[in-house]
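**Student:** Listed below, chain by chain, are the residues.
There are 2 protein chains.
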Amino acid sequence: MIGVFDSGVGGLTVVKEIKKILPDAPIIYFGDTARLPYGNKSQETIQKFSSEIAEFLKKKGCRTIVIACNSASALAADYLREIYPDLKIYDVVSSGAEAAVEATKNKKIGVIGTTATINSSVYKKKISELDPEIEVFTKACPLFVHLVEENWIKRPETRKIARTYLRELKLNKIDTLLLGCTHYPLLEKIISGVMGRRTKVIASGEKLAKELEKTDLETGFPSEDEYFVSDLTPHFEKLAGKILGKRVKILKIEI
Amino acid sequence: MIGVFDSGVGGLTVVKEIKKILPDAPIIYFGDTARLPYGNKSQETIQKFSSEIAEFLKKKGCRTIVIACNSASALAADYLREIYPDLKIYDVVSSGAEAAVEATKNKKIGVIGTTATINSSVYKKKISELDPEIEVFTKACPLFVHLVEENWIKRPETRKIARTYLRELKLNKIDTLLLGCTHYPLLEKIISGVMGRRTKVIASGEKLAKELEKTDLETGFPSEDEYFVSDLTPHFEKLAGKILGKRVKILKIEI
Numbered sequence: 002m003i004g005v006f007d008s009g010v011g012g013l014t015v016v017k018e019i020k021k022i023l024p025d026a027p028i029i030y031f032g033d034t035a036r037l038p039y040g041n042k043s044q045e046t047i048q049k050f051s052s053e054i055a056e057f058l059k060k061k062g063c064r065t066i067v068i069a070c071n072s073a074s075a076l077a078a079d080y081l082r083e084i085y086p087d088l089k090i091y092d093v094v095s096s097g098a099e100a101a102v103e104a105t106k107n108k109k110i111g112v113i114g115t116t117a118t119i120n121s122s123v124y125k126k127k128i129s130e131l132d133p134e135i136e137v138f139t140k141a142c143p144l145f146v147h148l149v150e151e152n153w154i155k156r157p158e159t160r161k162i163a164r165t166y167l168r169e170l171k172l173n174k175i176d177t178l179l180l181g182c183t184h185y186p187l188l189e190k191i192i193s194g195v196m197g198r199r200t201k202v203i204a205s206g207e208k209l210a211k212e213l214e215k216t217d218l219e220t221g222f223p224s225e226d227e228y229f230v231s232d233l234t235p236h237f238e239k240l241a242g243k244i245l246g247k248r249v250k251i252l253k254i255e256i
Numbered sequence: 002m003i004g005v006f007d008s009g010v011g012g013l014t015v016v017k018e019i020k021k022i023l024p025d026a027p028i029i030y031f032g033d034t035a036r037l038p039y040g041n042k043s044q045e046t047i048q049k050f051s052s053e054i055a056e057f058l059k060k061k062g063c064r065t066i067v068i069a070c071n072s073a074s075a076l077a078a079d080y081l082r083e084i085y086p087d088l089k090i091y092d093v094v095s096s097g098a099e100a101a102v103e104a105t106k107n108k109k110i111g112v113i114g115t116t117a118t119i120n121s122s123v124y125k126k127k128i129s130e131l132d133p134e135i136e137v138f139t140k141a142c143p144l145f146v147h148l149v150e151e152n153w154i155k156r157p158e159t160r161k162i163a164r165t166y167l168r169e170l171k172l173n174k175i176d177t178l179l180l181g182c183t184h185y186p187l188l189e190k191i192i193s194g195v196m197g198r199r200t201k202v203i204a205s206g207e208k209l210a211k212e213l214e215k216t217d218l219e220t221g222f223p224s225e226d227e228y229f230v231s232d233l234t235p236h237f238e239k240l241a242g243k244i245l246g247k248r249v250k251i252l253k254i255e256i
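If you read the sequences in order, they're chains U and C. Going by this note's numbering, the first residue of the first sequence is number 2, and it counts up by one from there. Going by this note's numbering, the first residue of the second sequence is number 2, and it counts up by one from there.
Looking at chain U on its own, in the form it has when it is part of the complex (with noise of 0.2 Å):
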């Protein structure tokens, strides 16, 4: 079983990756939408909920973990690691930051995400360690967030803002542009519009998917796929109903 989690519903664009190359595998996800959003909390609450989170997949059966969060891979995935040496934990920005390295050519990277991950400097530093060459400018952009919240992914007022937000990464000429938080794949066309043709947009949950594919993971389950959040409005549903592409039964649990 591979147990996914986020604050939210975002790291169900991850989860869509993973069926892409790994249709068969079980999946449990925990999205965390009583305590939503995380990125804008701190380093010692983050832990706390993840280290929560994690102890429940982990009863669930999970042996592999993705943390499908960026500020949540950010802040808490050492952390996991440490506390949790029997699970194997794959997050999100360790794969961003490998996608991104393989496909810069000028070798100047922008990275946007929410303020908790960027004031992390996790990108920055993860980068550097692959490719000490490469540039690395970043960027908070946490109205990005709570415009897919507002599912307003094709509204002129979104194109404006993504027009604020970017304007300095496009004056840094970077030729790759990733996406550190899982909401923002999205947003893709609205960034990828606005960042012109010769920047690459991407996300991590492709190169994850990648990554999991290569390890055994335990296979042969008749197990269903099973989602839980904390707390469930009729908007969840509605928006992970667009990111799968399909209506899942989605639990309500206490953590």
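If you are wondering where the hints come from, they were derived from the structure by calculation, not from laboratory data. Each hint should be verified, as a subset may be incorrect.
The list cannot tell twin chains apart, which means a pair is met if one copy fits it or any two copies do.
[What the hints assert, rightly or not] Dumping the calculated DSSO-like pairs for lysine-lysine here, alpha-carbon to alpha-carbon at most 30 Å:
id	residue 1	residue 2
1	Lys155	Lys171
2	Lys140	Lys253
3	Lys239	Lys49
4	Lys126	Lys190
5	Lys126	Lys239
6	Lys190	Lys17
7	Lys215	Lys201
8	Lys239	Lys125
9	Lys155	Lys140
10	Lys247	Lys89
11	Lys161	Lys239
Computed from a prediction, not measured in an experiment: that's the story for all the values here.
Using the hints provided, position chain C relative to the given structure of chain U.
**Tutor:** For chain C alone, kept in the frame of chain U given last:
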């Protein structure tokens, strides 16, 4: 002691109004920043969070509690009155509805707020109880909270979004617009600008403070005001200072 709570920093706009009228009343504030925002969460979850906070404020010696969060006022005020019959509980929805009814002349009131507040129809119900002839027009403006959190309170992007959100309310020829979210007073200039001179824009804080003034608050307390949050970031401290017009000591606690 007056206990004031909100999902985050917005309730400090209510504290500011209370302090104008009752400068010596000692206040204990709690902002549930680890779990904000409440505006897109379910009634059950908001009731659970609100009763945990009321319990904390009661233990700190508060006999009067002000719910300075519209979502919690809308979805948990009656619930708290039921489980805490010994506490005096004030809420921004009741005060805001009264203030709007007193202000309107053409009996057309607009109310804006978070999705949870607007979907609850609580303002429509309260205003109809006070004057069944009044027409109430509502509009959820969920991005406003995030624009305030971003400190985009004078930006053209915010004005553009405000124009989109408020278009219908303008067409309805309301003469009074009630800000049904404690973050919104920070956007008052933009909102008033979009609505035009003929519409009075009002918040609930002032009315609530006047109601508190009429009650027999315990006095003679030598205590200092205390500010607590469930998660503390530098961003929160900055925004709190901006609202209150002075730096205050904020402590992080688990409740």
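**Student:** Taking the hints in turn, state whether each one holds.
**Tutor:** Cross-check of the supplied hints:
In this homomeric assembly, Lys155 and Lys171 come within 30 Å of each other (Cα to Cα) both inside a single copy, at 21 Å, and across copies, at 24 Å. In this assembly of identical chains, the alpha carbons of Lys140 and Lys253 lie at most 30 Å apart only when taken from different copies (28 Å versus 34 Å within one copy). Taking CA atoms no more than 30 Å apart as the test, Lys239 paired with Lys49 passes in both settings, with 29 Å inside one copy and 24 Å between copies. Only within a single protomer do Lys126 and Lys190 lie at most 30 Å apart by alpha-carbon distance; the minimum there is 28 Å, versus 42 Å between protomers.
With identical chains, the CA atoms of Lys126 and Lys239 are at most 30 Å apart between copies only, with a shortest distance of 28 Å across copies and 36 Å within one. For the identical chains of this complex, Lys190 and Lys17 are intra-copy neighbours only, at 18 Å inside a copy versus 43 Å across copies, given an alpha-carbon limit of 30 Å. Proximity of Lys215 to Lys201 under the C-alpha cut-off of 30 Å is restricted to the intra-copy arrangement: shortest distance 25 Å within a copy versus 63 Å between copies. Within a single copy, Lys239 and Lys125 get their C-alpha atoms only as close as 35 Å, which misses the 30 Å cut-off; across copies the closest is 26 Å, which meets it.
In the homo-oligomer, the alpha carbons of Lys155 and Lys140 lie at most 30 Å apart both inside one protomer (21 Å) and across protomers (20 Å), since each shortest distance falls under that limit. For the homomeric pair Lys247 and Lys89, the shortest alpha-carbon distance inside one copy (29 Å) is at most 30 Å, but the shortest distance between copies (48 Å) is not. Taking CA atoms no more than 30 Å apart as the test, Lys161 paired with Lys239 passes in both settings, with 26 Å inside one copy and 27 Å between copies.
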